Amino acid sequence: MPIPDLGILLFLGLCGLIVGSAFMVVTSPNLVHSAVSLLFTFFGIAAIYIYLYADFIAATQVVVYVGGILVLIIFGVMLTNKIENATITSKTHNQIPGALFSGILLLLQFYAIFNTKWLVNDNPEKSSTVMDIGELLLGKYLLPFEVVSILLLSALIGAAMLSRKKVD
Amino acid sequence: MYKILDKSIIGADEMVLNMGPQHPSTHGVLRLKIVTDGEVVSHIEPIIGYLHRCFEKHCENLSYEQIAPFADRCDYLAAMHMGHAYAISVEKLLGIEELPSRVEYIRVILAEFQRISSHLIAIGVFGLDVGAITPFTWTLRDRERIIDLFEQVTGARLLYNYIWPGGLAHDLPPTFVNKALEFLDYFEPQIEEYNNLLTTNKIFIERSADVGVMPKDVAINYGVTGPSLRGSGMPFDLRKDEPYSIYSKFDFDVPIGEGLMGTVGDSWDRYYVKVLEMKESIKILRQALPQIPDGDVQSALPKKIRPKKGEIYSRYETARGDVGFYIRSGGKNTPTRLKMRSPAYCNLSVLNEISAGWMISDVITVLGSLDIVLGEIDR
Amino acid sequence: MSEYINNIIYGVKSFITGMNLTLKHFRNKKDLVATLQYPNEKWPLPERNIGFDPSEYNVIRSRLHVDIDDCIGCLQCERACPVDCIKIDTIKPPKGSDFDCGKTSHDTQKKMIVPRFTIDMSECMYCDLCVHPCPEECIYMVGGPNEPKHEIDYEFSQYERHGLVFEFATATDQDIIDIGAEDYLKERKAKEEKRIKGENLKGVVHQEDSVSSALSDPITPVAAAPVAAAPVAAAPVAAVPIDFNIKSIDFIEDKTVRGTAKKAFMGAKRAKLEGAAMIDFIIAELDKASKLDDDIKNTLEGFKGGKN
Amino acid sequence: MTSALDYLIELLAFTGLDHSILVVLAIHIPALAIFLVMVVNATIAVYVERKVAAFMQDRLGPMEVGLFGFKGGRRFWGGIGQTIADAIKLLTKEDIVPDNADKKLMLLAPFIIFIGAFLTFIAVPFSENLVVSDFNVGIFYIIAMSSVGVIGIILAGWSSNNKWSLYGAMRAAAQIVSYEIPIGLTLLLVVIVAGSLNLGDIVQWQADNRWFIIHSPFTFVAFFIYFISVVAETNRTPFDIPEAESELVAGWMTEYSGFKWAIFFLSEYANMLIVSIVASVVFLGGWLSPLAILNIGIPESWMILDGPILGFFWVMLKALFLVFVMMWFRWTFPRLRVDQLMYLCWKVFIPFCLANLFFVSIWELISGTIFR
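Chains A, B, C and D supply the protein sequences, listed in that same order.
For the first sequence, our numbering assigns the number 1 to the initial residue and increments by one for each residue that follows.
For the second sequence, our numbering assigns the number 1 to the initial residue and increments by one for each residue that follows.
For the third sequence, our numbering assigns the number 1 to the initial residue and increments by one for each residue that follows.
For the fourth sequence, our numbering assigns the number 1 to the initial residue and increments by one for each residue that follows.
Isolated chain A, as found in the complex (with noise of 0.2 Å):
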């Protein structure tokens, strides 16, 4: 029996984990589970971004989703219920018309899938992409850049704004 390509077997368990936690995101009945579950599934992208050699990438998204995005999504789920009872529970609604419209998105997804000419690199660099996003942001996307930049700085400071303490 010939010896199956680790690699491939690891990248087939790690979109089994990103589905498999995926799927429970939307189907576990209560909130903190699914959030707990999208830990998985974001650390499963990571670890694809990894793949793709993109290692800034998959820290990134350890750091924005995981560390930060994660936490303020169980820190508010706790915080908006009461914890005596502890019924934290989703349901769903309008199951049809959901099932038809993700049906539809499938579909789509499918057919952009199979009619899209994919590059394929047999011999990717192993090189850090660090370098090349920092020439690129300062570069050729400064203006995106300095916009979105902009856009934070003003959340920021309205999250300020709405924390501050009452002043008479």
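What the hints contain is simulated information worked out from the structure, not anything from laboratory work.
Worth double-checking, as some hints may not be accurate.
Claimed, not checked - Listed next, the in silico DSS-like pairs over lysine-lysine satisfying Cα-Cα at most 25 Å (straight line): (1) B:Lys33 to D:Lys163; (2) C:Lys13 to D:Lys347; (3) B:Lys57 to B:Lys249; (4) C:Lys30 to B:Lys179; (5) C:Lys87 to B:Lys304; (6) C:Lys13 to B:Lys179.
Because the structure is a prediction, the values reported are computed rather than measured.
Using the hints, position chains B, C and D against chain A.
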């Protein structure tokens, strides 16, 4: 300017939190029912009685001599003070005016040592409440030395039953004065160490200054006494204002809170008054120790305590404040009614007034600065 | 702004002071460590001259000890104890007997022997009140005048609570028989047997039972105690040999009826009614409350005829 | 800088097995090594912490439990078997789960925290070439992975179904998320100067120039901001408000016992070691000998030890000193309040970091053009 959202709109609820009866910082089996909004405390209700021992009712079935050890057990951190307070009240009931001056000197010396040891606990535990663990072990180490002195004098380390109505249980051992002076020489620099480690620490000041401010009028309205009252800037000390025993002979000051680090009457002031009071106690001890007169400590001891019909109320300044004994005698060897006004009980009642609106951590700080003893509150 | 900067500077300064201090303690640990390694090093007990003069007592309160040879059985210490941890029995020789109780070391003639002198150290609160009234100075906290005989012992411990009950009396059974108090011996033996059998415990349980079922009458708990103890003590006293006490009423199943009956029982007892008169009274009371039915009446009547 | 993983794969090549199997084999060896490092570190650190605490408080600390009958010999280093006995006790203890707790999450939470610490260790260099996997984005990876632990803390607090635990979790979340910012900004400053995210390159830059802590006044300040922030990130006193034993009983750990609690402890001390090693690598020259600054040469005969062994020694010496300082903090200072902690982060550290970032850029521009 910035309106906080109406809670009813976003459907936020307040949470009731039970702090105690088993909690590291309630100083015993006190239970605090805290209503919190996030970290901010909106209402505190102290629930007491977990240590209730029917002290007052029990005393009606005990002879006057037998009450003395139970009085000690009320405030177990300042047992000498409670014994002294009870002895003074029974002497008043019996009409004993004059005691041998050796007795008075020994009583005052031991009471001041007890004040230092009790304040050491208060300081160390307050440090523990705000998170500093090292000052606690240092103060307990020094308190241990005072307890050694007490053990030498009385034979017991915590609950002494040494001061009896009309006299003392034993005389002082001959080496006591030297050992006591030795201790004072050792102890004075230690206070500076505590100050360097805790009192002037920036984090400690941030945690305690301006927190739980108790204005003078609030303190008086709630009947707060002792260092907590003096921390609010009210120079009221029974040792000065209604001198009992021989306190009028000594020269000492009554330290009050001055708001050095924040507002007058904050937790830091209540804490610092205790540090200053230890210094004043050392002052009294330095005056009293060399001039203990000779004499028999048991000459005024009544053979049998059977007071005439009547009632008295006597007050005494313990380490925690003004303890009062009301005794009504029916002419028997047991009191027909004994009522104790305990200082920590009155001090605790002010908790909600001064710490509502602060955070959970601050409730602990305020509670620590009030320096309560549950044995005395529940009796 | 200057306040902001000053705050930071003060903070850094105070942190350095504090850290210096703890480092100083860390480095001078050899001199500063205050711990005593307990089983290897013992707490130094304060010393005092040991003598018989009260001012020379060693005042250490570690354990009560009695020099029973010196005890004259005056019961002063028992009375002084606020927690009743001392229990003393004394037997006087009958008049005209030539029994010699002995002399104390103070040359006092003893007038009675002490067959029981127990101190329950688990109850003792070390208040020292029993030591001072003793006329013969024979009870003291170990470390007292007879210090050379008894080592100061502050670490006594036992595996069972019972082990902390110390018996100091040395009077043998023979001594008690010699003095002519066989009754005392019998009584003691009976008590001991009862204790081993656990009858006292049973009594307590029964008593609590009846108290809880008859709570409607506040006097019952107090009054029930002698009744529960009756089988032992009351046998010769009972005038009418009818086996009827408050527990006999328990056959009534309805709680309210039973309560009324018990109330009536206590009323009868207060009125010093006994035997058949008592049962009649109870029946009458139940009838008045219209709670009487035939079963109860018959059973109660049955008590009149002796054993049920 | 080559990584231990590559080295192991080369080493195992003689077996002639398939490359992918070699990778799997080679992964397990460093994983075991990391686990051992964590366990040994926790065992020793707990013992040292207790002794440090005891000596600062004029006590003796553990004195009774020995190792194979050896009680530590000297009076001041007695009880060396104490933490091993404690570990055995914790492993054999009953595992208590509250009735209304979310049992699955309560089991999962300690492992998430553990995995966070474990994954971080992959990129932590113990010496030159002594790193499991040498990432190009080393520092960034470490920051990313150390932020995973906070989810474990929140879950632990939430799933216990205890109000105290919930408070601990809320505080932990706010605290750790906030303090990641000053940590990121201070490390960013180093990255700007060194021009690389790779830890090996950063140490190489320090070898070529000078240690970062003495490079400029701004990096000097940055070191202290970094160090204090990581003390907060690892929940140590004076920033231990999530567990604050005098307020919240034990915060998010209140309902945990036995083995799960031991895992929390393991991770806490592992995190302490990680942040100390990162501080020593980034700011204190890593495996560079401090003797070189003082122009003291090492004897020729010792040069055999150069490379991994001596480098390991220097890294660990610097890191363990920082761990000691953390313990020293803990036994000296009171605890801050939640809002004061946030004040310190947002109104002191972050402004200072931003100013630092600005000034260090100017400093580098000037020193780069004028002095070089």
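Within a Cα-Cα threshold of 25 Å, do Lys13 of chain C and Lys179 of chain B meet the stated pairing? violated, 37 Å
Exercise. Is Lys33 of chain B within 25 Å of Lys163 of chain D, Cα to Cα?
Worked result: Given that 25 Å is the threshold and the Cα spacing comes to 13 Å, the pair holds.
Given the hint that Lys87 of chain C pairs with Lys304 of chain B, test it: the Cα-Cα distance must not exceed 25 Å.
-> Status holds; Cα separation ~23 Å.
Open item on the list: Hint check: Lys13 of chain C vs Lys347 of chain D, CA-CA at most 25 Å. Holds or violated?
Closed with: holds, 19 Å
- Task: Sort out whether Lys249 of chain B lies within 25 Å of Lys57 of chain B, counting only the CA atoms.
- Result: violated, 37 Å
TODO: With a cut-off of 25 Å on the C-alpha distance, tell me whether Lys30 of chain C and Lys179 of chain B pass.
DONE: The hint holds at about 23 Å.
Hints 3, 6, counting from the list given before, are not met by this structure.
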